[in-house]
Structures are given as C-alpha cells and as structure tokens.
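J.: Residue numbers (my numbering), protein chains in the order written: chain E, 7 to 313; chain D, 320 to 675.
Certain hints may be false.
List time: in silico EDC-like cross-link candidates among lysine to aspartate or glutamate, alpha-carbon distance up to 20 Å [claimed, not checked]:
#1 E:K306 / D:E323
#2 E:K306 / E:E181
#3 D:K491 / D:E323
#4 E:K306 / E:D139
#5 E:K125 / D:D634
Among the chain E residues that face chain D by a calculated CB cut under 7 Å, a handful are [to be verified]:
#6 Y116
#7 K125
#8 V126
#9 N226
#10 G230
Read the hints as simulated data drawn from the structure, not as lab findings.
Here the structure is a predicted model, which means the values were calculated and not measured.
Ideal Cβ placement from N, Cα and C applies to all residues, glycine included.
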Amino acid sequence: MNEVLTLLMQPEFWVAVLRIATPLILGTLGVLLCERAGVLNLGVEGIWVAGAFAGWLAVYHGAPLWGGVLAAAAVGALAGLLLAALTVGLALSQHVAGLGITLLATALSYFGYRVAFPKVSTPPTITPFAPMDWLPLPVLNQETPLTLLALGLVPLLAWGLYRTPLGLAVRMVGENPQAAEGQGIPVRAVRTGAVVAGSALMGVAGAFLTLAAFNAFFFNMVNGRGWICVALVVFASWRPGKALLGALLFAFFDALQLRLQQSGDSPLPYQVYLMLPYVLSILALVLVARHARYPQALMKPYRKGER
Amino acid sequence: MRLEPRATPSARALLLAPLAAVAFTLLIASALVAWAGAPVGTTWGLLLQGGFGSVFAWSETLTRAVPLMLTGLAAAVAFQARLFNIGAEGQLYLGALAAVAVGGLHDGTGFALPPYVLFPLMMAAAALAGGLLLLGPALLKARLGVDEVVTTLLLNFIVALFIGAMLDGPMKDPLAMGWPQSVALQPELELAKLIPQTRVHTGLLWALVLAGVLWAVMRRTVLGFQIRAVGANARAAAFAGVPVQRTVVWVALLSGALAGLAGAIEVAGRTSYLTLDLSPGYGYSGIVIAMLAGLHPLGVVVASIFVAGVLVGADSMSRAVGVPTYLADVIVATALLSVLVAALAARYRLVWRATS
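Make the full structure from the sequences, and use the hints.
T.: Structure (structure tokens):
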C-alpha cells in the first residue's frame, strides 16, 4: 500500500495519467456528440486507426504537426460523413454500419501503410509534439498541446450543448426529432453535422497516438481503446464534464496498472493488469445501467412524417 | 428526396442487389490495386486463381471457410433475435481453450478416457464455454439494459489476455521451446482429412450439417419462430406470449456455442494446439458474412466460401504482385457496406420530391 502512496506523490505518475486520458477525452467527447444527436458511432475504433495513420502520414510527408492534426480531423470527418449517409440518410442499422466503418477504416489504413512502405521492418518515425515546458503549471507543462486542446474542448462542448441554440437543436434531434422538426429544425442536417464533427474529434484522438504519445504508426496500436470511449459515454450519462471525469478515472487505473506491472514483483501475470481497463469499462456500464438515461431517439432513424 | 417502401420487393431487384454491390466493391478495390501500382486485370486473375483456380486452391479456401461458416452462423442466429453478438472472436478462443483443456495430454496426465467419449466431451466443453461467455452480456442486456455490443466487444480483449496468461502459465506446453503454445490434442481426437495431401478436414462437414440444422431450427421449430418474433419486435412478441427473456438466453447459448465450436474445430482440424494467432479475426468476419447472407443460415455457407476465397486468393496474389494482403479486408468491408445499401435499394424506392 505504501508503494501506491509514494507513487501517487510522484508528479510523473500524474503526467502519465493525463497523457493516457488525452485521447480518451477527445474520443469520448466525439462519441458523446454523435449520441446526443441520436447516432451511435461504432466506427470510433476504426476512425482512431485512420486518424492515427492520416496524421502521421501527413507529418511524415512534411506537413507541420498541426497540419497532421487537421488531416486526422478531416479523415475522421470523412468517415463520419459516410456513417451519416448510411445511418441518417438511408436509415440503415447504426450497429452494423458503424462496425462496417470500423472494418473499412482499419483495412484502408493498413492497406495504405503497406502501399506507402512495402518493405520496412522498423516503422519510420517523425518528430512528435514537444511538451509545453514554457507553461508555469506543474504537471501540465509535461504534456503536449493536444492535452490542452482536449481539456479546453470539455467546457467548450458543455457550453455549446447547453447554452447555444445549436446545442439545443443537437439535443432535441437526439431526444425527440418529431418535436424538433415541428420547431423548424432540419433534423437530418443537424444529425449529420454532429456525426461529422464528433468523428473529426475521434480522428484527432487517434492522431494523438502517432503525433504525441509515440512517433510512429504501428499495426494494432489502437487495440480496443476506441470501444472504451463508447463505454465511457454511458458512464458519463452523456455529459461532457462527467466524460472528462470518467476518462481521468480510467486513465488513473491504467497508469496504476502500468506502474504495478513495471515494479516487477507482482504475484499476478501481467495480462491481469492489462485486462483492468476493459474490466473496468464493463463494470462502469453495469453500475450506471439502472439509471442510465439514453438520449430517447438514440439508434432510431428519423424519416419525415413517420412516427 | 426520400425513401418509400415498395409494396412488394421485386424478385429481380432482390437478386440484382447483391450483384450490384459486388460490382461496386470490385470497382473500389480495382482503384486501390491501380494505386498500389499493380496491373488491375492480372491482379484479379491471380486473386481468383489463388482462391478458386485449382483443387489445392479450393482445399485451402474450404479450410478457411470452416471457422467463417461457424462464426457466421453464430452472428446470424444472434442478429435474428437482435442480440448483437460482436464477441464471437472471444467465444472462439474460449472454445478452443476448453477443447485443449479436455483433449490435451497435459504432459501425460490427461483424461484416461477412450477417444469416442473424449471427443464429444471436448466439443461439448467448447460449445458450453462459448455459450456461457455470451450468456453474461445477454443477461445484462435483458435484465439491466446494458448494451451488449460494447460488453461483447470488450470481452474479446479480456479473453485474448486470459488466453495469453493461460498459454504463458498453467497451460503452456513445456516442450514448446518457450513459445506461448498449449499442449497438443491427443492425436485420436484430431479430425480426419477430407482430401489427402491437403488441409481440408471433416470440420467442413460439421459446419455444413450445423448450417442445415440451424436452418431447420429457424424455419421449423417453435424456438425458431420465437427467435424471429423477438427480433422483429420484442414488445409485440412479449404481448403475444413469447417468453422473451428465455428466448434470448437460448439464442445466447446457441450463438456462443457455434462460435466456441469454431475454435474447437480449428484446433482439432487444423492446428492441433492453441496459440494466440489461431484466428485472424474470424469472429469479426463472421458478422460480415452473416450480413452478406441476409442472416440466412444457408446463405452463410455461400458467403463464407466467397470471403474465404477472397482471403486465400489475396494471400497468393500478394506474393505474386506485391499488392498488400489488406486488400482482402478492404474488399470484405466494402462488400458489407454496399450489400447493406443494395438490400435497402431493393426494398425501397427513391422518390425525388420535396414532401408529399
């Protein structure tokens, strides 16, 4: 126990927590925005992969780091547009369309990587974002600007959702699209916009992996992290502030397991620690299930004049 | 612009829709082949030849189709009841682990039972392991409303790590030179080869029989009717006296068991021991196959042979012209999305008017 306490005193530990939390915050906000508008986005896992690849490829070909972030956002938005066309436009099953997007985005990214680099064994690297050591804040000055972006987006999205007419429109089309239509809100346009913007955030979440956490693109580097965002949104009861809390809590346990695993004298096999994030996600889902209040129109396609 | 349901979907449209989807997929994939700098026609020729061009190609394709059929059936039966089982990958691995635990030698201390007792035990254990793994998420959905898509997905990662821990620890083969690999099955428990000198094994017959059985269950039994009723409209089904929760439990056991058997049959038919790369994502491909087949058990047979042929053909095509094998995954994913759209187009018509 003492070990854990000394660990909690170390700033490096909290630096790790914030670093692990950053892509989860971005991804969870993205999923949250889609679901608030009534669309489940199971493309998130694939969009992370595509964002990680696109951001890295752009920078590798000479774009500035922020250009890489933009490229990742653009690729995410494109995937979101496809998902919106299938689910909002054509009213296909959101489950299946989302999984299809994940498969397609992952396959295209891997294919593109292999076409661009047919015979490399060690992945080519880029110079990633540097920590913001000019910042006069302790832990945060060890993080990259993308962490600041993620943290800043939380109040921005909360303000946007609860304090602006556009946010009201997004929430309405996710709760009661018929009523929204009656108010003159273009339901399908709002849903499409939310899915595109949310997916762009997921793309940036992926880009964090290649542009800040690591400096290269690996196969299987996302490895289920994207799905965890879907669980975190339920845990957060679709509120941006709670999403931040959930992502931090989650990253806390993840950083803890990393340290315990590294300390080396663990009686448990290392796989048990690696399981923790996934087990925690399921536990979080079960714990909040009783009072989870899904957006009422989530997964329900909307067609004009139909009830 | 809006969609209007057709009074009766025309038979021609229903038949043409999948063909149009395949054509669209070929177009997209051809563009990618051209981008990779390979001659498009030659590449397709090589892919076709590698998947279906010889007895050997067919034997490889059918070998690969066996686990795909079983995970495809697993997804099809679950999706019929709107239980979105995305966890077939985990169920497959847990089934394989159960099979090895029952049928492995455990350095000579294994069960001293004759093979004709041990073999059914092994298959039953695999089916049960897969079924029970899906039962948890199914009950969480039925009782607490926890979305099964996320829970089954996350369980895949948990199972993969659990298998890794077992293959590193208690179930590791001491003779495997340090590789994380389980002990081998007793040789009498392995499935016989269908064609000598190839890898295709009697597991193919198992998969075909199970597809037939599942078709009969769905079409001819009360349970099949209840499954379809729950899938069509759970509330209406409950109102009509269908025991919804019990049906969901049966669907979960059935679907998980099929995926678990896929793992056991892979071990018994192909590898004889369990490693962490037993499945290159058969669980996820099963979902695509079920959708391509329109959730029809017999369609699953055809769709899994198609997908297996693409995967096998892409391997040999890649060796010959250097187009990455991931092309196969792009083809499969594009086929999934375009078949969904095509199926919709057959049932609806586009109306180019503002509002009626």
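J.: Indicate, hint by hint, whether the structure satisfies it.
T.: Evaluated hints:
no. : hint            : in the structure
1   : E:K306 / D:E323 : holds, 17 Å
2   : E:K306 / E:E181 : holds, 10 Å
3   : D:K491 / D:E323 : violated, 59 Å
4   : E:K306 / E:D139 : violated, 47 Å
5   : E:K125 / D:D634 : holds, 16 Å
6   : Y116            : holds, 4 Å
7   : K125            : violated, 9 Å
8   : V126            : violated, 13 Å
9   : N226            : violated, 11 Å
10  : G230            : holds, 5 Å
Figure legend: structure checked against the earlier numbered hints; hints not met, in rising order: 3, 4, 7, 8 and 9.
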